[in-house]
Amino acid sequence: MKNVIIGQYIPGSSFFYHIDPRTKIIAVVVLMVATFLLETIWQVLIGFGIALILIIAGRVPIRKIVKGLKPLYVLLLFTLVFQIAFNRVGTIVLDATMQISPFSILFMIAATIIWRLLASFKKFSLLLFFAYLVGLFFIMKNLAFSPLWTTWQLTIYDQGLIMSGFVIIRLLIIITLSTVLTLTTKPTELTQGLESLLRPLKAIGLNSEDFALIISISLRYIPTILDEANKIMNAQASRGADFAEGRLKDKVVQVISLLVPMFIIAFKRSEELADAMESRNFVPGKPRTRIHDLKFNYRDLITTVITVLCLAGSILVKVL
Amino acid sequence: MGIQFKEVSFQYPGWGKQFFEALKDISLTINDKDEFIALVGETGSGKSTLAQHMNALIFPTSGTVEINGVPITAKRNKKIKYNSIRQQIGLVFQFPEYQLFEETVEKDIMFGPKNFRVPEEEAREMAKKALNMVGLSDKYLTRNPFNLSGGEKKRVSIAGILAMNPKILILDEPTSGLDPAGKKLLMNLFKSIQKETGKTIIIITHDMDLVYEYTNRVLVLNEGMLEFDGTPDYLFHRHDIDKWHLDYPATISVLRAINDKFHYNLDIYQKTIDAAVSTIAKAVQS
Amino acid sequence: MSYIDIQNINFAYHPKRPILQNLSLSIDKGQWIAILGHNGSGKSTLAKAIIGLLEPDFGTIDIDGMTLSPTTVYEIRKKIGIVFQNPDNQFVGVTVRDDIAFGMENLGVPQAEMLEKIDFYAEKVGMKAFLDKEPAELSGGQKQRVAIAGILAMQMDAIIFDEATSMLDPTARRELMDYIRELHNEGLTIIMITHDIEEALWAQRLVIIKDGTVFRQGTREELLKEPVTFIEAGLELPVGLQISNALKQMNALSLELEEHLWESSLKK
Numbered sequence: 247m248k249n250v251i252i253g254q255y256i257p258g259s260s261f262f263y264h265i266d267p268r269t270k271i272i273a274v275v276v277l278m279v280a281t282f283l284l285e286t287i288w289q290v291l292i293g294f295g296i297a298l299i300l301i302i303a304g305r306v307p308i309r310k311i312v313k314g315l316k317p318l319y320v321l322l323l324f325t326l327v328f329q330i331a332f333n334r335v336g337t338i339v340l341d342a343t344m345q346i347s348p349f350s351i352l353f354m355i356a357a358t359i360i361w362r363l364l365a366s367f368k369k370f371s372l373l374l375f376f377a378y379l380v381g382l383f384f385i386m387k388n389l390a391f392s393p394l395w396t397t398w399q400l401t402i403y404d405q406g407l408i409m410s411g412f413v414i415i416r417l418l419i420i421i422t423l424s425t426v427l428t429l430t431t432k433p434t435e436l437t438q439g440l441e442s443l444l445r446p447l448k449a450i451g452l453n454s455e456d457f458a459l460i461i462s463i464s465l466r467y468i469p470t471i472l473d474e475a476n477k478i479m480n481a482q483a484s485r486g487a488d489f490a491e492g493r494l495k496d497k498v499v500q501v502i503s504l505l506v507p508m509f510i511i512a513f514k515r516s517e518e519l520a521d522a523m524e525s526r527n528f529v530p531g532k533p534r535t536r537i538h539d540l541k542f543n544y545r546d547l548i549t550t551v552i553t554v555l556c557l558a559g560s561i562l563v564k565v566l
Numbered sequence: 017m018g019i020q021f022k023e024v025s026f027q028y029p030g031w032g033k034q035f036f037e038a039l040k041d042i043s044l045t046i047n048d049k050d051e052f053i054a055l056v057g058e059t060g061s062g063k064s065t066l067a068q069h070m071n072a073l074i075f076p077t078s079g080t081v082e083i084n085g086v087p088i089t090a091k092r093n094k095k096i097k098y099n100s101i102r103q104q105i106g107l108v109f110q111f112p113e114y115q116l117f118e119e120t121v122e123k124d125i126m127f128g129p130k131n132f133r134v135p136e137e138e139a140r141e142m143a144k145k146a147l148n149m150v151g152l153s154d155k156y157l158t159r160n161p162f163n164l165s166g167g168e169k170k171r172v173s174i175a176g177i178l179a180m181n182p183k184i185l186i187l188d189e190p191t192s193g194l195d196p197a198g199k200k201l202l203m204n205l206f207k208s209i210q211k212e213t214g215k216t217i218i219i220i221t222h223d224m225d226l227v228y229e230y231t232n233r234v235l236v237l238n239e240g241m242l243e244f245d246g247t248p249d250y251l252f253h254r255h256d257i258d259k260w261h262l263d264y265p266a267t268i269s270v271l272r273a274i275n276d277k278f279h280y281n282l283d284i285y286q287k288t289i290d291a292a293v294s295t296i297a298k299a300v301q302s
Numbered sequence: 036m037s038y039i040d041i042q043n044i045n046f047a048y049h050p051k052r053p054i055l056q057n058l059s060l061s062i063d064k065g066q067w068i069a070i071l072g073h074n075g076s077g078k079s080t081l082a083k084a085i086i087g088l089l090e091p092d093f094g095t096i097d098i099d100g101m102t103l104s105p106t107t108v109y110e111i112r113k114k115i116g117i118v119f120q121n122p123d124n125q126f127v128g129v130t131v132r133d134d135i136a137f138g139m140e141n142l143g144v145p146q147a148e149m150l151e152k153i154d155f156y157a158e159k160v161g162m163k164a165f166l167d168k169e170p171a172e173l174s175g176g177q178k179q180r181v182a183i184a185g186i187l188a189m190q191m192d193a194i195i196f197d198e199a200t201s202m203l204d205p206t207a208r209r210e211l212m213d214y215i216r217e218l219h220n221e222g223l224t225i226i227m228i229t230h231d232i233e234e235a236l237w238a239q240r241l242v243i244i245k246d247g248t249v250f251r252q253g254t255r256e257e258l259l260k261e262p263v264t265f266i267e268a269g270l271e272l273p274v275g276l277q278i279s280n281a282l283k284q285m286n287a288l289s290l291e292l293e294e295h296l297w298e299s300s301l302k303k
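Protein chains in written order, with this note's numbering: chain A, 247 to 566; chain B, 17 to 302; chain C, 36 to 303.
Some hints here could point you the wrong way.
Straight-line distance between alpha carbons at most 20 angstroms, and here's what the computed PhoX-like set of lysine-lysine pairs gives [said to hold, decoys possible]:
1. C:K163 x C:K152
2. C:K114 x C:K64
3. B:K211 x B:K287
4. A:K532 x C:K113
5. B:K97 x B:K183
6. B:K145 x B:K123
7. B:K91 x B:K40
8. B:K183 x B:K211
9. B:K200 x B:K287
10. B:K169 x A:K477
11. C:K114 x C:K152
12. B:K298 x C:K283
13. C:K168 x A:K432
14. B:K287 x B:K298
15. A:K497 x B:K97
16. B:K123 x A:K495
17. C:K113 x C:K152
18. B:K287 x B:K207
19. A:K514 x B:K169
20. B:K211 x B:K49
21. B:K145 x B:K211
22. A:K448 x A:K532
23. B:K199 x B:K287
24. B:K40 x B:K22
25. B:K123 x A:K497
26. C:K83 x A:K514
27. B:K211 x B:K200
Since the hints were derived computationally from the structure, they do not count as laboratory data.
The shape of chain A in the complex, shown without the other chains:
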């Protein structure tokens, strides 16, 4: 993945690709605010529905969004567990006595082993995980036999489920919004959009132009730096540095053997780059023209209208 323009970005030409980045950034921020104004699970479900419609209409690959959620599975699971365990509001949905005995422990260990063995089927990992949880539940409820060591009461209230659903779906909307933004906007466009939006901050001394240049140069060097890191790791690996194994003390030296050369290369680069930029007439703070222009078009209007409607809807729903 050496390409910087790509990163999270996937080239395409649907509606979302042609919206001015400034509009997209503001729209995403506003819609996130609108989402946090919602209060009930039904409102949130509607919000999610709208998001889905927009994604499908915009022909954004849903697969990519799902991929973007992967790192959050643990967080979502934690939310679910937390709500189920501590939310004692509403009607009881499930009241089960969970029993722990030597047998149940044995069965649970067996279930765990089976789960790990089947873990190589990566495609079904989520499904397998839930099957595993259900299995554990079943074991603790029914497969205990005597002698019992201890029991605990698993009580699930409907509000617990509803609240966790609320939090999870709300999170899904937020993630979806930001993923659509990064999927359809090149990092350079994002930088330019931010720079344009932050221009008013010049009044308090923050030069957004310099900031944008810093970001775009950093982006440009990411593949180069990754490449160099790889080369240095290979060079040190050829001297016996095993980046995979080793005691903690060894690991520290290994990391230093990677970082020191990288810093040295980085310093040399900064000097040479500064010379090159200066010799090409770069003067920090001096106004520059830009080769890429941000222009609004009708799509921005449509986006703004929809965003405003959503925000209005959220406010209304809250007020009523």
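Add chains B and C to chain A, keeping to what the hints say.
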């Protein structure tokens, strides 16, 4: 023992579903004694990729690389300690001065041996030996590697690999960036290391003059395939090496041009400038 | 009056280790001059001084009638461009197009004009097909050509090449040298800094730098008449000329042979 390539191919993923074939069906044998090999080919022909297979940094996509008896295939074998291979086969990358990171030359050279669990005192001894081997005195041991000149840095980093006492030494473009005097110094160093220790040395280079003068075997790679494996003389006696984007050594070109212009019958296959000079002198004076 | 007039400049980072000492040099417009010296002779420092990246401790540099000073340096940078040794560390833009634009953006060139010039000069250096490519997708030689396009787009009179070929492989090096010759034929002043005598011999005029000052200068024919000059400066002659020298010392060099070896060494 040594290194054996058995029908080795290597691909790496490119854009989309495409793969780039860096090496195609390579078979060759390298002895772990007394060879001085040049690995040549234009940029992108696969030389560095081939070198990195030799110390198990890269695993082949198909075929087997046997290093000192240990077979390396596409599948990672959990029983094999791949790391120990890198002590037996020393690989020095291009611009090795970038690998320096310790506060003293001595500490930096000791990094290699210590990674292979050589005890501190022994590692110190090996570091001293290696430093002297590259022509630098003990005075350099306490110096900061970052205060050295470019040429000295290069030599210290080479010493860092020599200190591990590998049987086979592979150097990727060791003379690049050096002026003619620096190049000669380094090549003579390698020649003397080879003579004194009997190690096999493999050099990746673009410089045909160095190939002709110093090495006794040439491997030519072109578009991932091994096109030639033989002596430099055999290679340069051919008339078609430009199809592999190779030049002739300067001595051969100059002598050939003289023959063409003056219709002399000089033996153009002279490895050094001195040899070329005496060939011409003899012909002229007769 | 010459285009670039360097008078007695001195420069040192540390007072005890001077890098440039009483260096004087004149360069005419349209010339191709090679500044030759071994590593550490001060030649790269000279290049940086000409373009105002460092200020000499003593002495003056006049370019196109203007004396180089902290105020005039901006004007002078509109006339002379420099291509550095490391192709990666001078590539600023995220794409080829952005990089060629960088210099023009700094000068406030209007957008429409920039786009036109980029297309034109990218074509000129043979990189038009690569305009949307990122530097990670380019070879060293290609990056150097993008650097040249960026300089040409600012319509400069002179280009300094500071060891611009030393990080390239032989094929790319030859291609770049061919292109520099083309540029010279179109009237650009070329100042080439190198330690490679084979490259230096492409130029009309050679200036040999030793210990921070001008050791010898002249046309290539003039300098090659005394090959010991190069050896004293820590440089090595091309193989043909080394052979010629050695034969001369053995009295085994006929006039025709000498001429032949000479010509073939200079034939570029």
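Status of each hint after checking the structure:
1. Of the pairs offered as hints, the one joining K163 of chain C and K152 of chain C holds, with about 12 angstroms between alpha carbons and a cut-off of 20 angstroms not exceeded.
2. A threshold of 20 angstroms between alpha carbons decides the hint, and for K114 of chain C with K64 of chain C the separation of about 12 angstroms falls inside it, so the pair holds.
3. Distance restraint check for K211 of chain B and K287 of chain B: the Cα-Cα separation of roughly 19 angstroms lies within the 20 angstroms cut-off, and the hinted pair is therefore satisfied.
4. With a CA separation close to 16 angstroms, the supplied pair K532 of chain A and K113 of chain C stays within the 20 angstroms bound.
5. Taken as a hint, the K97 of chain B and K183 of chain B pair is honoured in the structure, with Cα atoms around 17 angstroms apart against an allowance of 20 angstroms.
6. With a C-alpha separation of about 14 angstroms, the suggested pair K145 of chain B and K123 of chain B falls inside the 20 angstroms cut-off, and the hint holds.
7. With a C-alpha separation of about 18 angstroms, the suggested pair K91 of chain B and K40 of chain B falls inside the 20 angstroms cut-off, and the hint holds.
8. Only pairs whose Cα atoms come within 20 angstroms are accepted, and K183 of chain B paired with K211 of chain B is accepted, the gap being roughly 13 angstroms.
9. For the suggested pair K200 of chain B and K287 of chain B, the alpha carbons sit about 14 angstroms apart, so the restraint of at most 20 angstroms is met.
10. Taking the CA atoms of K169 of chain B and K477 of chain A, the gap is about 18 angstroms. The hint holds against a cut of 20 angstroms.
11. The hinted pair formed by K114 of chain C and K152 of chain C meets the criterion: a straight-line CA distance of about 17 angstroms does not exceed 20 angstroms.
12. Taking the CA atoms of K298 of chain B and K283 of chain C, the gap is about 13 angstroms. The hint holds against a cut of 20 angstroms.
13. The straight-line distance between the Cα atoms of K168 of chain C and K432 of chain A is roughly 14 angstroms, inside the 20 angstroms bound, and the hint therefore holds.
14. Restraint check for K287 of chain B and K298 of chain B: the C-alpha separation of about 16 angstroms stays at or below 20 angstroms, so the hint holds.
15. Taken as a hint, the K497 of chain A and K97 of chain B pair is honoured in the structure, with Cα atoms around 18 angstroms apart against an allowance of 20 angstroms.
16. For the hint linking K123 of chain B to K495 of chain A, the alpha-carbon distance of about 16 angstroms falls within 20 angstroms, and the restraint holds.
17. Of the pairs offered as hints, the one joining K113 of chain C and K152 of chain C holds, with about 16 angstroms between alpha carbons and a cut-off of 20 angstroms not exceeded.
18. Distance hint between K287 of chain B and K207 of chain B is fulfilled; the C-alpha atoms sit about 15 angstroms from each other, no more than 20 angstroms.
19. With a CA separation close to 16 angstroms, the supplied pair K514 of chain A and K169 of chain B stays within the 20 angstroms bound.
20. Pair hint K211 of chain B plus K49 of chain B holds up; C-alpha atoms about 10 angstroms apart against a cutoff of 20 angstroms.
21. Simply put, K145 of chain B and K211 of chain B have alpha-carbon atoms about 16 angstroms apart, close enough for the 20 angstroms limit, and the pair holds.
22. For the proposed pair K448 of chain A and K532 of chain A, the alpha carbon gap of about 13 angstroms is at most 20 angstroms, so the pair holds.
23. Using a Cα cut-off of 20 angstroms, the hinted pair K199 of chain B and K287 of chain B holds, with the two alpha carbons roughly 16 angstroms apart.
24. Only pairs whose Cα atoms come within 20 angstroms are accepted, and K40 of chain B paired with K22 of chain B is accepted, the gap being roughly 11 angstroms.
25. Under the criterion of a C-alpha separation no larger than 20 angstroms, the hint pairing K123 of chain B with K497 of chain A is consistent with the structure, at around 16 angstroms.
26. For the hint pairing K83 of chain C with K514 of chain A, the CA-to-CA distance comes to about 16 angstroms; that is within 20 angstroms, so the pair holds.
27. Pair hint K211 of chain B plus K200 of chain B holds up; C-alpha atoms about 16 angstroms apart against a cutoff of 20 angstroms.
When the structure is compared with the earlier hints, no violation turns up for any of them.
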